[in-house]
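Protein chains: 2
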Amino acid sequence: MNGWTVTQTVFDSARQHHHETIFTIGNGYLATRGTFEEGHPQDRRTTFLHGVFDAAPFVVTELANAPDWLPLEIFFNGARFGMNQGTVREFERALDLQNGVLTRRVMWDSAQGERATIVFERFCSLAAPHLVCLRVSITPQHAADIKLRASINGIALSDGTQGEKLAHWEFLAQGLSRDAWGGEREGNVFLRTRTFHSQVELGAAMRVQTTRGKELTREFWDARNVPTLLLRVNAEAGETVVVEKYVAYFTSRDVEKTRVVDAALNQVNAVRDWDDALAENSAAWEKEWERTDVVIEGDDEAQLALRFNLFQMLIAAPRTDDRVNIGAKTLSGFGYRGHAFWDTEIFMLPLFIYTAPHIAKNLLNYRHRLLSGARAKAKANGYEGAQFPWESADTGEEVTPTWVPHYLDRSKLIRIWTGDIEIHISADIAYAAHQYWVASGDDAWFSEKGAELILDTAKFWAARAEWNETEQRYEYNDVIGPDEYHDHVNNNYYTNRLAQWNVQTALEVLAWLKQHAPHEAEQLLEQLDLSPARLAKWRDVVEKMYLPALPNGLLLQFQDFLERKEVDLASLEPRVISVQALLGIEGANETQLLKQPDVLMLMYLLQNEFSHEQVQLNYDFYTPRTDHTYGSSLGPAIQAIMACQVGKPDDAYEHFMRALRADLYDVRGNADDGIHAASAGGTWQAIVFGFGGLRVTRDGWTLEPRLPKHWKRLAFRFFYRGKPAVVDLDNENAKTQGT
Amino acid sequence: MNGWTVTQTVFDSARQHHHETIFTIGNGYLATRGTFEEGHPQDRRTTFLHGVFDAAPFVVTELANAPDWLPLEIFFNGARFGMNQGTVREFERALDLQNGVLTRRVMWDSAQGERATIVFERFCSLAAPHLVCLRVSITPQHAADIKLRASINGIALSDGTQGEKLAHWEFLAQGLSRDAWGGEREGNVFLRTRTFHSQVELGAAMRVQTTRGKELTREFWDARNVPTLLLRVNAEAGETVVVEKYVAYFTSRDVEKTRVVDAALNQVNAVRDWDDALAENSAAWEKEWERTDVVIEGDDEAQLALRFNLFQMLIAAPRTDDRVNIGAKTLSGFGYRGHAFWDTEIFMLPLFIYTAPHIAKNLLNYRHRLLSGARAKAKANGYEGAQFPWESADTGEEVTPTWVPHYLDRSKLIRIWTGDIEIHISADIAYAAHQYWVASGDDAWFSEKGAELILDTAKFWAARAEWNETEQRYEYNDVIGPDEYHDHVNNNYYTNRLAQWNVQTALEVLAWLKQHAPHEAEQLLEQLDLSPARLAKWRDVVEKMYLPALPNGLLLQFQDFLERKEVDLASLEPRVISVQALLGIEGANETQLLKQPDVLMLMYLLQNEFSHEQVQLNYDFYTPRTDHTYGSSLGPAIQAIMACQVGKPDDAYEHFMRALRADLYDVRGNADDGIHAASAGGTWQAIVFGFGGLRVTRDGWTLEPRLPKHWKRLAFRFFYRGKPAVVDLDNENAKTQGT
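Quick note, the sequences are listed as chains A and B, same order. Note that numbering that gives the first Met the number 0 has the first sequence beginning at 0, numbered continuously upward. Note that numbering that gives the first Met the number 0 has the second sequence beginning at 0, numbered continuously upward.
Calculated from the structure, these hints are not laboratory results. Treat the hints loosely; a few may be bogus.
Just so you know, same-sequence chains aren't split out, so a pair can sit in one copy or run between any two.
Straight line, CA to CA, 20 Å or less: simulated DMTMM-like cross-link-like pairs of lysine to aspartate or glutamate [what the hints assert, rightly or not]:
no. : residue 1 : residue 2
1   : Lys286    : Asp158
2   : Lys708    : Asp729
3   : Lys411    : Glu396
4   : Lys146    : Asp221
5   : Lys448    : Glu214
6   : Lys564    : Asp272
7   : Lys564    : Glu703
8   : Lys146    : Glu120
9   : Lys164    : Glu731
10  : Lys543    : Glu468
11  : Lys256    : Asp650
12  : Lys711    : Glu653
13  : Lys564    : Asp419
14  : Lys708    : Glu169
15  : Lys378    : Glu612
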């Protein structure tokens, strides 16, 4: 174990969807699941491009599974190679996290007993993100007539929410294009296609070449929507035939729609050779890891798993496009259809804020660009300001399904309420914008965009606040907090407090703006109609917001939480499903059992506001009530941080490892649908803010390390106000080596 | 106009979907819309096979658009032929109703100015229903290098209800098979595929040959899911190249799933040549028309249009399979997803009962086979007996969508109530079984199956009847009658009366059985638990069923119908949308305007029970309240019959022509979705029971002709109790020539 390589040595069809998720590769522009080049029954072949959505039943819109660049079929004397054909003698798959190269090595006997060793390598270039590269090296043990079919498959289907198969692409054109090099490389293949509803045009180009071994004879099959190059060679015994396949994608989101094919052809022509493309990719990865890597000594599993989680963030993060966000399952599966949630702002964004501020800025700009959608949503609900959608895709409209068919009886529908009443996301986004500002010191961006996010969400919160005349306080009733086991609750502490924070911060931001960016302040005052009366209302909302709590300092998950049934979670063990699945939606709602502990989440976000004793009290109360194993996958990483804060490193480590293993070990049984992005982002926070104990304010940062006992060393880097900081913790003296 | 040919001489892309519907061909096993072999942008290419359903969002299940047999692309010196390429100089399309052959003749100039004449002919063999045949004759004006690509396209998509594109087929295998004739005909192509959910396996085979002109060079593209034969020939100027393409389909509904490909290959090999296949097809059609044709002299339009409607029935009718029904849009489009409604029993079945009793029996057997589903539905609703689903597909379960997205706002759902409360279908089916028995005299079938249909639906009706203690009567409340403008109504006359008829007839059937089939009677008594107490309840239901009517003989559409708003229909003119679309679902519900007049429908079905005066009274009351133009497409044919009964031949003719033109002239603007099957079936009833005035009882039949003035002659045939009858009416003396 070198700390950088995720390996698989046994192929099991029953686990193939899990492994497809794990072996996803990508580059922030697109990502491709780890399916086999030659295909396998029931495989879920996907390539998702950021921002390429198309309408779909129930879920409004979804990432449109793009034309497939992987197809490469191999025939030995007519026998088709496949993992379910002949006999697989040896198998190994390895994902090198250091440079994103996925390698599969198979020693295979055909049904006729002819043996060959086949090595597939692929990567999505981080240096040239429109480019994906594939190489196969074939070594037959006996002389063989080898045929290869290399295609772009335009018929990519999506798995719908009901198991239906959806097609999103309308064929437009395809063909063979003589490349810039003339006959030497012969023709490259192109495909042009378009999403049915959103009308995104996509051009894909494929170049195939041989760099080692004999030249291959070539033939083109102009088969509609599956343009294919046929290659043929007679290989001697032991001779290695190497074929490289380069594919490029451009869409009308990138260039003029008339240019998508040319741009793709130019991209594949620009590749010099495999080594060159790989070297550029590796160099780009080296830079990423320089900023992002975390070193854990004394815990090989945690080291590798953490890098795996960071890798998932790095291949999902849009580097040049600020019109897209990261879906709850990244670009790695059909789960949540590519929709973005608060998962981005609260769970993933800190990693980028501190290690790649340019990416954090892109993600926040996405929200700023879609303010119009948030304003429309607020207006449709009768409010002012910006109410961000619970689920967001390309247009900024709410894309949470309102109804989904019941999983047991399709004729029944289940109403999904999150899009209507899980309103805390507007405060989460404001919080993230503020956090980026504090950490980056990017006043220019904040004056131009960040302040508007905070002010307009504050406007929403003030409008949404309900005045309780009897109690003389503001309330938010009929909401869902982060803890989705309880819906239609009143005065969820997390929601109320973060809304209050949002409005209060808006007032502070306004004061700051007037001082440091008077022109922008004036503009925003006018544009958002921030009259003295409105600001007075804001102050009133801040002052009189209801925050349900007991006199002893116990914050209440929501107003009548203590009236719910107490259930001993241990009495439900053993179980392999969530409390909600076990007790039913209504059943779970009636208990004090939590999908995640909102109060602890809030104490983490606003950590400077609570005493150690108060944290301890609430930690002790909520921890045993939380479904850590099968509740929210967002919980464990944050729980690890809070466990660190109350001095329970063993507990912290257990929660941390649960988060780290979410996908690698499929601990929740749903990794087939894609990477748990929030969990992955959370692992970095657990490291830095939990074990590392980093605290950041506008005045600077401090460390309070609390490493698991068996860790020898923890080292990471971050940026604070544009300056790089290096933290290197030696567990023996547990002292800060920060610079 | 020869009375047999539907022609089109101008191609208009904007009307292509309408023409695709009109130029649908089929043979009772499958049908294919009239799309072009070479493809055209936005065409809706479909081939539907009876009974091949697959799960789909919202609509539960739908006909799975099968692999496409049409693809045939032609290149002249590299220029691809297409109706949107180069210049179309001449164009004619003709559907010969006499033998189901669709011909397209195009004189075309390529962009390079090379002219060719291309004639496409195709038919779905009525003699060998697994076989479809296509021939193209190409005559270039100048010598040309002609290439053809003939494929089976396994990637057939369905248009979902929301405009989404659904894929139903999972690729299994394909290849080239040396045929029984060895090298002479060279290899035939096969494809094996399977529906994703229902797991129907399908084998398709394609044979391509040249019978006139030069032999073609051949090449096979093994492109996944689109196996393709490439053909190439150098044609001299003026030389005609003729290529024939035969495709066969077999599914696991027809043969063992391991045999589907072999069966298809055998079928295409069994074809001797085009002339032979065509001759067999034409001979089969001749027999159909001998039974089915109706001659109208003095009205060319009505003559052709009527034959067109009869043709639609003939190509949709299952001849050998009694596990399938005819969908509301036949096999000709995506509308209603292939689901069968009461349309079959009440609108289409009489044609078959009287002209093709074996088909009528198949369709009724379909209901008998699915009694288990009807019993399950009754049970799920808390009743006994058989409650047939409002929409029915392959399993007998209710497949009416319960919710569909609002057409203006996808996040809203509209509840569809017909599956829950449009209960009259159970009586409609009983009525049809009885009608078949009366007309056919098929006592054996009736004892074995028909009686059970009537008894078990009666059992349902007796259980469903609600006793009104105050009024001392039985009621059916909260229902939808045929008139769907009014839902959740109480005591719909049609429903109550036909339910009463159903129970009463069941009692009579039981008496008949005891006398004529005592063994079956005993079996049914036991199996259906028809205890004396139950039968006493039946008699009580018959006696005390509430039938809302005024003392003057006006039957009420439903109980409080007269309390609805009176609206002058003329005041809403001009309009090109339905009253419901104009006033909204709630708006229409509040008025006395009708989608169709249930009371008149009932008077037609039970015509021997009403006096002429009572018919006249109700006709005069309901006719002006009915949305004849854009209400139910089921209405006009029946309205024509009732107009005949009240001696209004001009009105009758107007309604009749509206029914006849429904699809040919797309008078409702929705022929794109497929043929209006009930309207087509109704036109035959309008002819025979309306203008012909046929009345049939168990004692015999009578005629009371009332022909439109301008008709010179009306002739038709029918079977009565196994014996053929010929009716030939001369309008001058309007006397019966029946034998």
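**Asked** Which of the numbered hints above does this structure break?
**Response** 1, 5, 6, 7, 9, 11, 13, 14, 15
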